[in-house]
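Enquirer: Chains A and B, in that order, give the protein sequences.
Counting from 0, one number per residue, gives the positions in the first sequence under numbering that gives the first Met the number 0.
Counting from 0, one number per residue, gives the positions in the second sequence under numbering that gives the first Met the number 0.
Calculated directly from the structure, the hints in this document are not laboratory data.
Check the hints yourself; a few may be wrong.
List of simulated lysine-lysine pairs, DSSO-like, C-alpha gap at most 30 Å [unchecked claim]: (1) A:K97 <-> B:K175; (2) B:K152 <-> A:K188; (3) B:K103 <-> A:K97; (4) B:K1 <-> A:K75; (5) A:K75 <-> A:K253; (6) A:K218 <-> A:K253; (7) A:K219 <-> A:K257; (8) A:K188 <-> A:K17; (9) B:K103 <-> A:K106; (10) B:K152 <-> A:K17; (11) A:K75 <-> B:K175; (12) A:K256 <-> A:K219; (13) A:K122 <-> A:K97; (14) A:K188 <-> A:K218; (15) B:K209 <-> A:K17; (16) A:K106 <-> A:K256; (17) B:K209 <-> B:K175; (18) A:K187 <-> A:K219; (19) B:K1 <-> A:K17; (20) A:K219 <-> A:K75; (21) A:K219 <-> A:K97; (22) A:K219 <-> A:K122; (23) A:K187 <-> A:K122; (24) A:K106 <-> A:K122; (25) A:K257 <-> A:K17; (26) B:K175 <-> A:K122; (27) A:K75 <-> A:K106; (28) A:K17 <-> A:K187; (29) A:K218 <-> A:K187; (30) A:K218 <-> A:K256.
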Amino acid sequence: MGRNTLIQVRNLTKVFEKDEARVEALIDLNLDVYQSEFFCVIGPTGCGKTTMLRIIAGLEPPTEGEVLLNNRRVTKPGADRGLVFQEFALFPWRTTWKNIEFGLEIKGLPPERRREIVERYVKLVGLQGFENVLPRQLSSGMKQRVAIARALANDPEVLLMDEPFGSLDAQTRNIMQRELLTIWEQTKKTVVFVTHSVDEAVYLADRIVVLTARPGMVKKIVEVELPRIRDRTGEGFYAVRRSILQELEIEVEKAMKKN
Amino acid sequence: MKRQSRILLIQFFLSGMSLFSFFVLWWWAAVSDPRGVLPTPQDIFTTIIRIASTNERDFTGHVFSDHVASSLFRVFYGFILAAAVAIPVGLLSGWSLYAESISKPIVELLRPIPPFAWIPFAIIFFRDPFDSVFIVYLGAFFPILLSTTAGVKAVDSILLDAAKTLGARRQQLYSKVVVPASIPHIMTGIRIGLGIGWMTIVAAELVGVKGGGLGVYIHSMSDIGRFENVFAGMFIIGIIGFLMITTATFIERRLSRWAEIL
Numbered sequence: 000m001g002r003n004t005l006i007q008v009r010n011l012t013k014v015f016e017k018d019e020a021r022v023e024a025l026i027d028l029n030l031d032v033y034q035s036e037f038f039c040v041i042g043p044t045g046c047g048k049t050t051m052l053r054i055i056a057g058l059e060p061p062t063e064g065e066v067l068l069n070n071r072r073v074t075k076p077g078a079d080r081g082l083v084f085q086e087f088a089l090f091p092w093r094t095t096w097k098n099i100e101f102g103l104e105i106k107g108l109p110p111e112r113r114r115e116i117v118e119r120y121v122k123l124v125g126l127q128g129f130e131n132v133l134p135r136q137l138s139s140g141m142k143q144r145v146a147i148a149r150a151l152a153n154d155p156e157v158l159l160m161d162e163p164f165g166s167l168d169a170q171t172r173n174i175m176q177r178e179l180l181t182i183w184e185q186t187k188k189t190v191v192f193v194t195h196s197v198d199e200a201v202y203l204a205d206r207i208v209v210l211t212a213r214p215g216m217v218k219k220i221v222e223v224e225l226p227r228i229r230d231r232t233g234e235g236f237y238a239v240r241r242s243i244l245q246e247l248e249i250e251v252e253k254a255m256k257k258n
Numbered sequence: 000m001k002r003q004s005r006i007l008l009i010q011f012f013l014s015g016m017s018l019f020s021f022f023v024l025w026w027w028a029a030v031s032d033p034r035g036v037l038p039t040p041q042d043i044f045t046t047i048i049r050i051a052s053t054n055e056r057d058f059t060g061h062v063f064s065d066h067v068a069s070s071l072f073r074v075f076y077g078f079i080l081a082a083a084v085a086i087p088v089g090l091l092s093g094w095s096l097y098a099e100s101i102s103k104p105i106v107e108l109l110r111p112i113p114p115f116a117w118i119p120f121a122i123i124f125f126r127d128p129f130d131s132v133f134i135v136y137l138g139a140f141f142p143i144l145l146s147t148t149a150g151v152k153a154v155d156s157i158l159l160d161a162a163k164t165l166g167a168r169r170q171q172l173y174s175k176v177v178v179p180a181s182i183p184h185i186m187t188g189i190r191i192g193l194g195i196g197w198m199t200i201v202a203a204e205l206v207g208v209k210g211g212g213l214g215v216y217i218h219s220m221s222d223i224g225r226f227e228n229v230f231a232g233m234f235i236i237g238i239i240g241f242l243m244i245t246t247a248t249f250i251e252r253r254l255s256r257w258a259e260i261l
């Protein structure tokens, strides 16, 4: 199909060992993520989705296997992979503006350049008027916008998102999904998006990988060929949902039996 | 809103009543003291007015404002030194387990020793004003150190992760995340350290300092049996301490406004 591979996950295994306990989070996981695609990862709770994302981000070392970004092995975190957390992880002492500016400060960009970039991303996520507000004064939806803007302002090659809308209420969540798509279409960033919501995955993704119950392996990869903006109540949408739900249900049951 | 203002009014009333009863009880204790040693509140009040408004030197050779100025100087000196050492040490030992392994045994060994127990040592090893400054230093040092260390340890690891994915290297994690995130704890340590530093002043000045001091004043007045002056000195210490803590709390709140705890 002529798609460029941006991220290669190769034979990735992650085992957590603490005292006597040994938890296999991921076993021999293999995946490709293409340039500029919206890639969703879905799976039952505890299947290692977040672990996979943290390994790609470089925050966690793999036990075996490797992650390649542009054919180069990931060994530590870096500005080329922006991560958006479910808990927002904003710096509470920094205003909206200063949070978005963080990565640019780290890069040592001159002040005029920083201002230009921050201004653009404040606008992109619709936070005009809230530039000088501290995170504690923002709603959850706004906090996550700041976090997304902060990650994007750094101009990463890939935007990693770990259940970013998981703590939002249903309405805000739908709005944020739609806005994220708009942003994605404007920036053409590669997005790896972890979620446990099938609806969210089908609404957003070009491709969806369904992981098995722990230890996480690839169960199935689904291409979503519905045109955007997708109709959540349309028949095509339901068909994709159904096929994923069927796969997922088996895994969720497995996961529940284990616990 | 209406309910809130009523609660405030009741609180205000209770505080006022409490203070009033305190002075009444004290007055009653003073007038019924058979030895007549305990001065009444009005004795102390008039004494404060008298010593604050006169330029006459007392028998120690100082006017009252000298005593106040000397004590303030010593406390700020000791406090600044304590903060200058305790904050960097705390920032380091909260961050690095190795640094903590080095500092902890010494700190834990010295911390339970009351500052006052160091007075003989201070007299022998330091010269005026460092002998009294050293006592204040000891009083202020440990609260600042412990708070700072606790502050660094309390930094949410997710903020460190976020900073790492934004490209921060180790030194930047420290200056841009660990230090600002610890500021509320550091400020709490500073407030407590300043309070304890000030409380040690009377004992600190037992080292026989030159240039007066509120501690010197209290000891001297006690020696000649002038108890209303002793109490006046105590009151001034209390009021200055109160003003210091209030100011420190104000600054603490301003700097920690971002933290949702306040």
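Enquirer: Kindly indicate which numbered hints from before are broken by the structure, ordering the numbers from low to high.
Expert: 2, 3, 4, 5, 8, 9, 15, 16, 17, 19, 21, 22, 28
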